[in-house]
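Undergrad: Below are the chains, spelled out letter by letter.
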Amino acid sequence: MAAVTGEPLIRKKTRIGNRAPGHASRMRFVAISLIPILSLLVVFSLLPIGIAGWLSFHRYNQLAPTAPWIGLRNYEFAFQTDPFFRNALENTLKYALVAVPVNIVLSLPIALGLNQIKRFRAVFRTAFFMPAVASAVAVSLLWTTIYDPQAGWLNAFMNQVGLSSQPWLRDPDLAIWSVLAAAVWQDLGYNILIFLAGLQGIPDDFYDAAKVDGAGPWQRFRGITLPLLQRTTVFVLVLTMISYLQQFTHIQVMTGGGPIRSSETLVLYIYGKGFQDLQMGYAAAMSIVLMGIILLITLVQLRLLRSRWEY
Amino acid sequence: MTMTHGPAAGSLLRQRRYRTIGMGVLYTLFSLVAILFTLPFFLMLSSAFKSSAEILRVPPTLFPADPSFDAFRTVLNDAPFFRWFANSLLVSSTITLLVLFTCSLAGYIFAKFRFPGRDVIFVVLLMTMMVPFPVLLIPSYLVVNELNLINSLWALIVPAMVSAFGIFLMRQFIAGIPNDLIEAARLDGAPEWSIYARIIVPLARPPMAALGIFTFLAAWNDYLWPLIVINDLEKSTLPLALTFFNSQHAQRYDLVMAAASMAVIPVIIVFIVFQRQIVNALVLAGLK
Chain A
2 MAAVTGEPLI RKKTRIGNRA PGHASRMRFV AISLIPILSL LVVFSLLPIG IAGWLSFHRY
62 NQLAPTAPWI GLRNYEFAFQ TDPFFRNALE NTLKYALVAV PVNIVLSLPI ALGLNQIKRF
122 RAVFRTAFFM PAVASAVAVS LLWTTIYDPQ AGWLNAFMNQ VGLSSQPWLR DPDLAIWSVL
182 AAAVWQDLGY NILIFLAGLQ GIPDDFYDAA KVDGAGPWQR FRGITLPLLQ RTTVFVLVLT
242 MISYLQQFTH IQVMTGGGPI RSSETLVLYI YGKGFQDLQM GYAAAMSIVL MGIILLITLV
302 QLRLLRSRWE Y
Chain B
513 MTMTHGPAAG SLLRQRRYRT IGMGVLYTLF SLVAILFTLP FFLMLSSAFK SSAEILRVPP
573 TLFPADPSFD AFRTVLNDAP FFRWFANSLL VSSTITLLVL FTCSLAGYIF AKFRFPGRDV
633 IFVVLLMTMM VPFPVLLIPS YLVVNELNLI NSLWALIVPA MVSAFGIFLM RQFIAGIPND
693 LIEAARLDGA PEWSIYARII VPLARPPMAA LGIFTFLAAW NDYLWPLIVI NDLEKSTLPL
753 ALTFFNSQHA QRYDLVMAAA SMAVIPVIIV FIVFQRQIVN ALVLAGLK
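For the record, the sequence lines run as chains A and B.
Using the numbering used here, you'd call the opening residue of the first sequence number 2 and step up by one each time.
Using the numbering used here, you'd call the opening residue of the second sequence number 513 and step up by one each time.
In case anyone wonders, no lab produced these hints; they're calculated from the structure.
Since the model is a prediction, treat every value here as computed from it, not as a measurement.
Be aware that a few hints might be false.
Unchecked claim - Here are the computed distance ranges between Cβ atoms for each label pair:
id	chain 1	residue 1	chain 2	residue 2	range
1	A	PRO66	B	ALA702	57 to 65 Å
2	B	PHE575	A	ASP214	51 to 59 Å
3	B	PHE581	A	PHE121	32 to 40 Å
Backbone N, C-alpha and C define an ideal beta-carbon position, used for all residues, glycine too.
Given only the sequences and the hints, what does the whole structure look like? Please build it.
TA: Following this line, the structure appears as structure tokens:
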């Protein structure tokens, strides 16, 4: 990197660009700064990606003396044999496909409302964002106490309004959705902020002009807000989807994937296989499947949203 | 706005009345939503201040009948809470400072220097950003294990010292700083390091604030990575320690909530004090 060719010194005044005066000292600066930084990236980003690919084609166990090459058998096992992989995959998709719309259906109207009010906007914004700065573990523990079947506040409230108590996190049908509610509660604030920023980027003139033309509030929303918020919406959709497909902390802390694996998502299963059963080759193969799914869903989202709104 | 006379005045008045009613509805709704967002934190504190007897009462009481610091005292006496807090603070601030340094420097170089292979390296950098963390989980563990860093705070710090996202964010911003400023400093004979430190860093404050807040929050709240590389209680960070504490004191919600409060309240106070700056910074980083 940063090789300095033997350029004759006399030309230093006549040429600008690459070989301008001080070129050598600049290249030295680039090399000295960038080489350590890029080395770190190679060791902790690039190399692990390579290792993940390698692992996925081997039967790798840290304690075993050999790691035989087994071709695609890890992948075959996941898709053809392993019922727990299928279960985790279904849970992951179920979770993300519900959490993303719920998140957006709640955060967008809140942002629209915040954009309308002038007084106390900062107060409300702070309140809505507060859960997002708290640690996910603390929030998960907090919601575990709220969901407690006996001493929890939620059942106390349900009883108050005449509904019967539910086992929440201990019910195979309710557990995953109870976790989802807590997780969405925690990170709604991020999307509210991003939507709000998008709304504030729309010039007031557009609305004033539409008002002069006699457009009602709904028409202004359909004709101005929605199309101009398109970029923000795509951004929010894609990022939210990616993050919910990888959800780990809330589920791990609140249910550990149970009861009877009803809330076990892929990342939880990968963690269990890799670090508890020590089948790291298989776990790596599943993580690559997860990456493929994330990539595929992202591409589909970008494609669909572009074709719907671009004209 | 000027008053309109004639037939339009009536409809304008009506519009205004609708607007007032609408605003009233909006503020009422928002107050309810705000309660939904803050009530759980209140419940957390309420549990933390209850006695070990009251915490078992069914249905649970909303306010502690006899508020006491017993639970907090027990947490601080029975567990190395300050140690965990110090670990978290040390790890998160070290990571944040290092990330700010490496990313601003690399971002500056990618934005303002031409050197062989620059664009290829940058594209590879962007591609590593797309790889989700679960893919890196096992390999990173193996690398850190190979480097003999397992079960030390270095295992948390070293892999997080550089962030591809951070470099990207800084590059995007620094690209907008006029070249003339840099050229002028060079003509004055300023060494490259002082151009970076005296011109670029001060001008790149907004994205650095954003990156700093992001990095600190992520490091402070991280759970999955410490779960894998730390197995010694003395070296735990707060989130990991909280789950351990919870498993040791299952059903003692007063203790668990006291520990959780002590982990969460400082961050929330810092957030409330600097909320305007933090929100602006996050929005800036989010929209880039």
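Undergrad: Hint by hint, say whether it matches the structure.
TA: Okay, the hints, checked on the actual structure:
1. PRO66/A with ALA702/B: 57 to 65 Å: 58 Å, holds
2. PHE575/B with ASP214/A: 51 to 59 Å: 55 Å, holds
3. PHE581/B with PHE121/A: 32 to 40 Å: 33 Å, holds
Taken one by one, the earlier hints all hold for this structure without exception.
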